[in-house]
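As you go down the protein sequences, you meet chains Y and F in turn.
As numbered in my numbering, residues 1 to 387 make up the first sequence, in order.
As numbered in my numbering, residues 1 to 387 make up the second sequence, in order.
Hints may be right or wrong, so weigh each one.
Since the list can't tell identical chains apart, any single copy or any two copies may satisfy a pair.
Claimed, not checked - In silico EDC-like links for lysine to aspartate or glutamate, alpha-carbon gap of 20 angstroms or less:
1. Lys228 to Asp206
2. Lys127 to Glu24
3. Lys21 to Asp5
4. Lys227 to Asp78
Simulated from the structure, these hints should not be mistaken for laboratory data.
All figures in this text were calculated on a predicted structure; none of them were measured in a lab.
Protein chains: 2
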Amino acid sequence: MQNFDYMTPTRLVFGEGCIAKLPEALGAIGRKVLLTYGGGSIKKTGLYDKVRELLPDFEITELPDIQPNPKYDPSVLDGVRLCKENSIEVILSVGGGSVLDCSKAIAAGALYDGDPWDLISYKVRAKAALPIVDIITLAATGSEYDCGGVISRTETNDKIGYMDPHLFPAVSFLDPTYTFTVSKKQTAAGCADAMNHIMEQYFCEDSSLLSDGFMEAGLKSLMVNAKKCLADPNDYTARAEMMLACTYGCNGIYSLGNSPSGWPCHGMEHALSAYYDITHGEGLAIITPRWMKHILSDRTLSRFVKYGVNVFGIDSSLGDYEIAEKAIQETYDFFLSIGIPMTLREVGIDESRIGEMARHVAENEGLENAWVPLTEKDIADIFTASL
Amino acid sequence: MQNFDYMTPTRLVFGEGCIAKLPEALGAIGRKVLLTYGGGSIKKTGLYDKVRELLPDFEITELPDIQPNPKYDPSVLDGVRLCKENSIEVILSVGGGSVLDCSKAIAAGALYDGDPWDLISYKVRAKAALPIVDIITLAATGSEYDCGGVISRTETNDKIGYMDPHLFPAVSFLDPTYTFTVSKKQTAAGCADAMNHIMEQYFCEDSSLLSDGFMEAGLKSLMVNAKKCLADPNDYTARAEMMLACTYGCNGIYSLGNSPSGWPCHGMEHALSAYYDITHGEGLAIITPRWMKHILSDRTLSRFVKYGVNVFGIDSSLGDYEIAEKAIQETYDFFLSIGIPMTLREVGIDESRIGEMARHVAENEGLENAWVPLTEKDIADIFTASL
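Using the sequences and the hints given, assemble the complete structure.
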């Protein structure tokens with residue numbers, strides 16, 4: 001077991017009707033609020049009106065139209081400007097992980113005098129950030145329970161994951177009923193995203209019975225409940241359990257004491273969605289089984305055997321390679337079964353920029369230090385196998 | 001899944017050598033320190049000297065001799081007085097859960113003008129508490145990661161569990177090597193304590209695939225690793241994993257969204273150790289299988305079947321009652337196998353005060369609201385079956 005230094009101070013308020021506590025939670029922090037949201041789905045569902053009704057005594061400035069794979073320009077820059085102009089005290093993020101990731105970058109940028117990109121690119125470490133309260137409407141990223149975010153900069157094809165301990169949300173509201181209206185496509189992509197968060201932690205050199213058990217439970221729960229959500233979008237229990245399994249995704253609690261893995265699938269997927277703006281969870285689902293096949297070897301075999309037996313219930317009396325190969329096939333088949341397009345071509349990516357993307361990943365994502373180190377050629381091979 | 005409102009802001013610093021970060025962590029909070037500890041084992045192991053060496057620039061007042069099942073008088077009262085006399089800014093608790101539980105009561109009492117028992121008995125809710133930093137030397141209670149404690153008041157045979165969100169430790173240091181010197185008896189009792197914490201959350205009406213999986217992983221990890229620790233007290237990996245599995249025990253993370261259980265075994269054990277000052281974990285181990293047998297019925301059967309199949313690997317093709325009874329027997333056998341005296345007589349308790357203890361539990365522990373409600377007669381029957 002590896003040493004660790006861990007903290008997640010975020011308060012989680014979970015369950016149907018939980019936003020009744022929003023005025024109290026927000027009011028304890030501040031009255032001048034930047035309300036951030038996305039393309040308007042919260043207006044269709046009535047959540048926007050509900051939030052405004054709950055906060056008649058707050059001074060609210062709005063930043064709408066935050067896009068999936070949120071953009072540095074204009075969203076982060078606009079948000080930082082609005083915070084400074086309006087002496088914002090707290091950011092209220094209402095939406096999915098993209099809105100929240102963008103809000104985190106704004107929170108740090110708002111209390112920094114220079115170019116916010118300095119913070120996102122770690123040129124400068126944040127000394128403080130505005131507090132964040134969020135209402136999550138999508139079960140996927142786990143951004144509601146971690147201190148990281150991912151921001152894209154279109155002109156340079158950068159998609160950067162940044163983390164800073166100042167960026168834990170103060171309070172996250174999770175009402176599973178807000179995910180009833182999430183489309184089948186986004187429900188499946190959210191499941192794949194969360195499953196990959198767990199796999200990125202599971203496939204490593206050093207783990208424990210405890211962390212393996214946590215993560216196997218997370219994977220099994222996500223698979224069972226995603227299918228239930230697709231069959232009946234209003235299945236409260238399934239939506240709730242999926243939401244919670246996603247929430248634990250990225251703050252480390254699934255895998256405390258594990259050795260680092262380097263998060264290779266995320267490193268590769270960031271290039272796909274930076275170059276082509278595809279849905280992150282779909283990109284991850286496409287890459288994952290190809291990456292697994294690429295790294296399967298005598299060295300990694302035992303992890304795949306454990307994964308296959310404990311997550312998919314594969315007969316442990318089979319040969320080890322047979323179990324591992326079945327486990328990889330089961331991974332692929334599961335993603336396919338929830339409706340994810342499982343080739344790059346289906347999401348509009350062909351071979352033309354694979355070399356360029358592989359070079360970008362090799363130069364920027366540090367995958368030479370991953371559990372199984374990946375060279376530019378390895379990355380290009382995995383992309384090609386994913387076509 | 002039930003609604004919940006959850007937060008654990010404690011920073012966990014984990015691993016061999018982690019207390020190198022103590023001066024930084026403590027210094028960020030305050031310089032006037034109340035150092036609390038127990039019967040002197042930290043002097044034998046050298047940890048006391050190490051802590052003093054690390055903190056030459058701090059103004060340290062000491063409260064030694066805190067006993068297991070920590071006492072309101074003198075420990076809590078002395079601690080509160082020392083804090084007030086010396087304008088203490090932070091409490092540094094070095095020892096096991098008893099030292100930390102006592103320190104929590106002191107932390108609340110130090111910032112309260114009245115009788116600290118008002119706070120412990122919930123007559124008055126704490127408005128603030130001194131910050132606490134702890135170094136844990138025993139894998140058992142999980143007090144290092146929750147906001148609760150248990151305090152005994154000898155003259156009234158009270159043993160009260162109290163919780164308050166001000167009482168989360170600010171920083172908990174967990175170095176598994178400090179548990180190498182823990183005796184076989186205390187290692188086994190710590191394992192039983194932590195297992196029972198999980199069982200108290202597992203046996204309930206409403207749970208999820210996710211929480212069940214977390215808790216089954218916790219139980220399996222504790223059983224495997226306790227045996228390893230008993231076989232080789234210096235097995236770092238086993239000590240580390242046991243320490244982490246214990247740490248999650250009481251803050252709720254194992255079972256977010258589960259319905260409440262009422263923690264019946266703790267309610268009953270509190271009387272045993274209040275009346276007889278026995279080792280808490282041993283009392284729990286003795287009661288647990290008798291309680292299980294007592295509540296097994298058509299209503300509770302499915303939980304015991306799940307427990308038996310997933311924790312002990314009992315053949316799921318057997319009849320449900322056969323699985324459940326085997327699971328209860330396995331629970332008993334496991335505790336016996338790690339050397340726990342499995343009858344009340346062996347720990348010095350006979351039938352003479354069972355009636356009195358049962359009445360005390362029935363009147364004070366609220367077990368009429370437990371998952372399976374327990375009357376005074378039920379409690380007396382469980383105690384009698386435990387003789």
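Going down the list of hints, with the structure as the test:
| no. | hint | in the structure |
| --- | --- | --- |
| 1 | Lys228 to Asp206 | between (33 angstroms within a copy, 18 angstroms between copies) |
| 2 | Lys127 to Glu24 | between (27 angstroms within a copy, 17 angstroms between copies) |
| 3 | Lys21 to Asp5 | between (31 angstroms within a copy, 10 angstroms between copies) |
| 4 | Lys227 to Asp78 | neither (39 angstroms within a copy, 58 angstroms between copies) |
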